[in-house]
Amino acid sequence: MKVVIIGGGICGLYLSWKLSKAGHNVSVFERKSEIGNKICSGLFSERILDFIPKSKILIQNTIKSAVLRFPKKTINLYFSKNFFVMSHFEMDKLVAELAKQTGAEIILNSNISSFPKGYDRIIGCDGADSFTRKNLGLPSPNLRLGILGFSGNGSFDNFVEIWPHKENGFIWKIPQGSETEYGIISNPKTANAFLNDFLEKNKIILMEKAAKIIPCGFSIPRNKTITVCGDAAGLAKNWSGGGVIWGLTAANILLKNFPDFLKYEKEAAKFFKPKIIISKFAAKAVYYFGFNFPYFLPKRAKMESDFLF
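Heads up: the sequence shown runs through residues 30 to 338, numbered per my numbering.
Check each hint, because a few of them may be wrong.
Okay, derived cross-link-like pairs now, DSS-like style, lysine-lysine, Cα gap no bigger than 25 angstroms in a straight line [claimed, not checked]:
(1) K83 with K146
(2) K253 with K302
(3) K218 with K195
(4) K218 with K67
(5) K61 with K232
(6) K101 with K313
(7) K31 with K253
(8) K101 with K241
(9) K110 with K292
(10) K101 with K163
(11) K195 with K230
(12) K241 with K304
(13) K61 with K195
(14) K292 with K50
(15) K241 with K302
(16) K285 with K313
These are calculated hints, taken from the structure and not from any lab test.
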């Protein structure tokens, strides 16, 4: 089949690699002049190696737990699977090379304004502000703003620190080996002010900052020839904003059902919708008790790294 993928992020590249390897004629249209996501914490669970085994060479640090710091309660959170700190930018380049080796065509500087003609299937992997999703008339997922930056102080600590705030967002600190990352995910209107206030109070200076919109929801069409995947479908963890493992999981569901996009939508909905609903409820409950009744929360807890259950 002739397949076009709109968007050369991790999901689009992964799909192009796997579909091309399966014998399909695949073209990827990427609007930027270079492959590689530079605005990402690069914190992925061990599951990343199930999808992209060669990404093992990109590991910069291993994270085993998180310290959740409410104003009057500190919780040590242990993950079912360790997390790896990796360069998302380099991982995109790695998968792009794998895709090219199997015959996929990656076309840069391609800003799509209408659906390409002459293809049997169209897959939108074009991010949170997806052209594909909008032109299919799908509802937009909930959007939050992620901002991150780096301090020059390196660290190989095996835990991250998280400071929740009442708008159901949080500030994070991630030791990345040669440097330390600070960031926030929150309401787009208030995120920058929250982060700047935190940095000022703690006398932290970031060398540079970058921002990105983060989706959360489920928005896959019931369409036989056009679909979406990854951020374009709103697939990111409600409690952390991480979207790579969710996006690649959806990509595998798509690959399993290809070329039947209706079966893909049905199976993806069955898998993700309960997780989205329960994770939203769980996050709100933890925040409510953390800020109002912290003594009800345990000092130590364990959670599934990507799906809660």
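Which of the listed hints are not met by the structure? Numbers 1, 5, 8, 9, 10, 13, 16 - these are the hints that the structure violates, sorted from lowest upward.
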